[in-house]
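Novice: Each chain is listed here by its residues.
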Amino acid sequence: MNISLLTWGPDGWLDQMAMGALMTIAVALAAYALGIVIGSGLAAMKLSRSLILKGIAEVYTTVIRGIPELLVIYLVFFGGGAALRAIASGMFGYEGYIDPPLFVTGMVCIGVSAGAYSAEVIRGAVQAIPKGQIEAAIAVGMSKAQRFWRILVPQVARFALPGLGNVWQFTLKDTSLISVIGLVEIMRQAAIAAGSTREPFTFYLVAAILYLGLTSFSNRGFNWAETWANKGVRRA
Amino acid sequence: MDFTAFARYGPELASGLPLTLLLVGQSLALGFVLAMLIALMRLSTNPLLSSFAYGFVYVFRSTPLLVQIFLIYYGSGQFRPFLQDIGLWVFFRDAWFCAVLALTLNTGAYTSEIIRGGIQSVPFGQLEAGRAVGMAPLQLFYRITFPIAIRQALPAYGNEIILMVKASSLASTITILEITGIAKKIIAATFQPVEIFIIAGAFYLSLNFVITQGIRYAEYRLSPKSPEARARAEERRQRAVLAR
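Chains as they are written, first to last, in this note's numbering: chain Z, 1 to 236; chain A, 237 to 480.
The following block holds chain Z by itself, in its conformation from the complex:
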């Protein structure tokens, strides 16, 4: 193992690996945000009275949770490119080759699966709110929007926090799969470095350490957030 490869600057790879880590964080955050939006929508559908909406949400979560993320990535990467080309030639008469934007593809693929997992978490959190609170809110004359923002959202956020922490860990680790389509995040950067230095072990070890650091760090963040969110809660 050649330690001088792990320095900052033109001769070392540490600065490139750090950039990769930033890209990983960016994709993970974007996918996570998308996942929570999708998850909230799915949770609302699952809790609605419409059988059709319920059915759609159920099929979505079953399919996405049962199919490998890698397969979804290939679908969106190759299928997205074909769709973009069809739009470009149909609407703008452009016949050249278009690759789907890698960042967006990654965000969508990982976000779609994060959505399926967070849907269950959010649904459980909504159901954990005692019905009496909603009745009380109606009794004091709150509007629907007020009930949503003042009663539901703050408590759902608190109840869902541990589960959403797990989803974040999944999301962060799943971003490594985006490397197969070429987005330069930690894994891809490690592969590039491994290829040009012929030290694959060194760089995949660095990658592993980076992921370990990111998960440990964010774990702490979630623990802190849980303490913060629960500080006003009475406990026996």
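Don't read these hints as lab results, they were simulated from the structure.
Quick reminder that beta carbons are idealized off the backbone N, C-alpha and C, glycines included.
Misleading hints may appear alongside valid ones.
Claimed, not checked - Label-pair ranges, simulated between beta-carbon atoms:
1) 329/A with 2/Z: 42 to 48 Å
2) 222/Z with 471/A: 32 to 38 Å
3) 83/Z with 383/A: 37 to 43 Å
4) 363/A with 7/Z: 37 to 43 Å
5) 413/A with 231/Z: 50 to 56 Å
6) 154/Z with 471/A: 30 to 36 Å
7) 322/A with 231/Z: 54 to 60 Å
8) 291/A with 222/Z: 17 to 23 Å
9) 283/A with 98/Z: 24 to 30 Å
10) 261/A with 222/Z: 52 to 58 Å
11) 154/Z with 353/A: 28 to 34 Å
12) 353/A with 96/Z: 31 to 37 Å
As the list claims (entries may be wrong) - Stretch by stretch, here's where chain A covers chain Z in the computed footprint (C-beta under 8 Å, at least three residues):
13) 22-36
14) 61-68
15) 199-213
Fit chain A to the given chain Z structure using the hints.
Specialist: Using the frame of chain Z, we list chain A on its own:
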């Protein structure tokens, strides 16, 4: 959509199914043995054993499986002369061995936590009763602790099996042509991503459906059959249906 694609590529994709099954089966079997060991180490009173088990689980759960696979398959190349000297290179140059090793270590870490939870859920009174009738520690383990722990851990282990089926797709990144590997090959050659995705996805979904049903059956077989227990199980099932 091109419906002829289903007939044309279905058989080719189906040929990856045995490989997926073998990969998952081998890793689960080896991983379960490893998980038992790790769980017992984690629960032992020896601080060295218990902290080793904690570290193992922590590292494998905090890093992506893809890193673990690449570290073993590509990373071992960096130590090729050394591995050749000690005669281990024949294993590490083999993608199948590396894939099974990575999946085994990974599922071993996750499963050990599931087993640990199961073991810790065994009511103390049961062990006390076992001791009172004079069971030896080993007897106590395989007659009381193990059966109860497995029953408790079964639903969570069912999830782990499904996660492993999904995880086995990562073996395609190190040249193994299981379902996802074949799917990628066909998609890249034909540019029919939607059709191929539907076929390959259907294979995974049916596999997971069979596993879910199998786990449910095992749960039924392992659960107590007294009338009261059955009534309770029935009530639980009703509630689960309503909650859906």
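Novice: Take the hints in turn and mark each one as holding or not.
Specialist: Tested hints:
Between residue 329/A and residue 2/Z the CB atoms are about 23 Å apart, so this pair departs from the stated range of 42 to 48 Å. Distance hint check: the CB atoms of residue 222/Z and residue 471/A are about 35 Å apart, consistent with the given range 32 to 38 Å. In this structure, residue 83/Z and residue 383/A break the distance hint of 37 to 43 Å, their C-beta atoms being roughly 53 Å apart. In this structure the supplied range 37 to 43 Å is violated for residue 363/A paired with residue 7/Z, their Cβ-Cβ distance being about 56 Å.
Range check, residue 413/A to residue 231/Z: about 54 Å between beta-carbon atoms, so the 50 to 56 Å window is met. Taking the beta carbon of each, residue 154/Z and residue 471/A are about 33 Å apart, inside 30 to 36 Å as hinted. A hinted range of 54 to 60 Å holds for the C-beta pair residue 322/A and residue 231/Z, which are about 56 Å apart. Checking the proposed 17 to 23 Å range against residue 291/A and residue 222/Z shows it holds: the Cβ atoms sit about 21 Å from each other.
Distance hint check: the CB atoms of residue 283/A and residue 98/Z are about 59 Å apart, inconsistent with the given range 24 to 30 Å. In this structure, residue 261/A and residue 222/Z break the distance hint of 52 to 58 Å, their C-beta atoms being roughly 35 Å apart. Hint check: residue 154/Z to residue 353/A, Cβ distance near 31 Å, so the stated range 28 to 34 Å holds. Between residue 353/A and residue 96/Z the CB atoms are about 56 Å apart, so this pair departs from the stated range of 31 to 37 Å.
Here the stretch 22-36 of chain Z counts 0 residues with a CB under 8 Å from a CB of chain A, which misses the bar of 3, and the coverage is violated. For a cut-off of 8 Å, the count of residues in the stretch 61-68 of chain Z with a CB near a CB of chain A stands at 6, and the three-residue condition holds. Proximity of the stretch 199-213 of chain Z to chain A, defined as three or more residues with a beta carbon under 8 Å from a beta carbon of that chain, is established by the 10 residues found.
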